[in-house]
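> With the hints as constraints, model all of the structure from the sequences given.
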Amino acid sequence: MTVLRMATPILLAGLGLVVSERAGILNIGTEGVMLTGALFGAIGSWAGKSIWIGVLCAVVGSVAVNLIIAFFSITLKADQTVVGTAINILAGGLTVTVNRSVFGIGTDNADIPLFQKIEIPVIKNIPIIGAIFSNQTILVYIALISVPIVSAVLYKTNVGLKIRSVGENPRACDTLGISVDRVRYSTMFFSGIMSGLAGIYISLSQMSSFTEGMVAGRGFIAVAAVVFGNYTPRGVFIAALVFGMADSLKYRMQASSYHVPYQFWLMVPYIITIFALCLYRKNSNKPACSAKPYIR
Numbered sequence: 001m002t003v004l005r006m007a008t009p010i011l012l013a014g015l016g017l018v019v020s021e022r023a024g025i026l027n028i029g030t031e032g033v034m035l036t037g038a039l040f041g042a043i044g045s046w047a048g049k050s051i052w053i054g055v056l057c058a059v060v061g062s063v064a065v066n067l068i069i070a071f072f073s074i075t076l077k078a079d080q081t082v083v084g085t086a087i088n089i090l091a092g093g094l095t096v097t098v099n100r101s102v103f104g105i106g107t108d109n110a111d112i113p114l115f116q117k118i119e120i121p122v123i124k125n126i127p128i129i130g131a132i133f134s135n136q137t138i139l140v141y142i143a144l145i146s147v148p149i150v151s152a153v154l155y156k157t158n159v160g161l162k163i164r165s166v167g168e169n170p171r172a173c174d175t176l177g178i179s180v181d182r183v184r185y186s187t188m189f190f191s192g193i194m195s196g197l198a199g200i201y202i203s204l205s206q207m208s209s210f211t212e213g214m215v216a217g218r219g220f221i222a223v224a225a226v227v228f229g230n231y232t233p234r235g236v237f238i239a240a241l242v243f244g245m246a247d248s249l250k251y252r253m254q255a256s257s258y259h260v261p262y263q264f265w266l267m268v269p270y271i272i273t274i275f276a277l278c279l280y281r282k283n284s285n286k287p288a289c290s291a292k293p294y295i296r
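The sequence shown begins at 1 in the UniProt record's numbering and counts up by one.
Hint data in this document are derived by calculation from the structure and do not stem from the laboratory. Since the structure is predicted, the reported quantities are computational estimates derived from the model, not experimental observations. Ideal placement from N, C-alpha and C gives every residue a C-beta, glycine not left out. Warning: the hint list may mix true and false statements.
To be verified - No farther apart than 30 Å at their CA atoms in a straight line, the calculated lysine-lysine pairs in the DSSO-like style are these:
no.	residue 1	residue 2
1	286	156
2	124	250
3	77	286
4	156	292
To be verified - Using C-beta positions, here's what the derived DEER-type ranges look like:
no.	residue 1	residue 2	range
5	178	274	36 to 46 Å
6	47	288	43 to 53 Å
7	262	178	48 to 58 Å
8	296	67	13 to 23 Å
This is the structure we're talking about:
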């Protein structure tokens, strides 16, 4: 199902973001982190002749960039919006340079190992369900399974309680002996892993190689999905499906007979993103100390 495939990178990145957001970190730099994961994944898969080496490289690259964001935001107490914006600009330029250095311009990257689709014999012939859940790549299933797992960790475990408490009242947590910085670094580490998976999904599942700027705003849409989803994993899942549907719609409409400039359909996902943010509720689950550095 096209909607699910389009929603997967937004869902993966969004689930990582909802964890770090609940700890009080606003990661605007997710776009750059995903772009790094997309490039490192392609390079790793090409150089190691294995998609799993590509996955490892994507995760390592994305986690490294996310920890840089964490260092400036948590340790140096820098403005999180400024840090994220700077990372997006840096990643945008750096990935272009590295990509051209490794693959050149106009190089055929067809020999890069890609994710293979998995058929589930039990359900593949079931109407509707088979079309949705069978013949998908493994990252789609990982994204779907991650929704209840992340939700359970956040709301049913002591770890999740610490994460949510740090986002709401870090000073009280510090008084109780909880290391605010350690919790926030841990959530950024997890967010980096999920953004890396989202990045390599775009480059080696939706596409067959890395192209410059291929994330195309999905990192920002993932941030919007967290807000639209009211800072909950289940809400992020629903938001990702909505944005995935919009992403799918633009391709269908471009292929239709409607006499509308194709640029309009390219705008659709972003128009829906803006509209969704306009529906943002004031009585949301947004952490009280979101984007606020903790100074002892």
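> It remains to establish, for every hint, whether it holds in the given structure.
Hint-by-hint comparison with the structure:
no.: 1; hint: 286 <-> 156; result: holds, 19 Å
no.: 2; hint: 124 <-> 250; result: holds, 27 Å
no.: 3; hint: 77 <-> 286; result: holds, 20 Å
no.: 4; hint: 156 <-> 292; result: holds, 26 Å
no.: 5; hint: 178 <-> 274: 36 to 46 Å; result: holds, 37 Å
no.: 6; hint: 47 <-> 288: 43 to 53 Å; result: holds, 45 Å
no.: 7; hint: 262 <-> 178: 48 to 58 Å; result: holds, 52 Å
no.: 8; hint: 296 <-> 67: 13 to 23 Å; result: holds, 21 Å
Violated hints for the displayed structure: none, as all numbered hints are satisfied.
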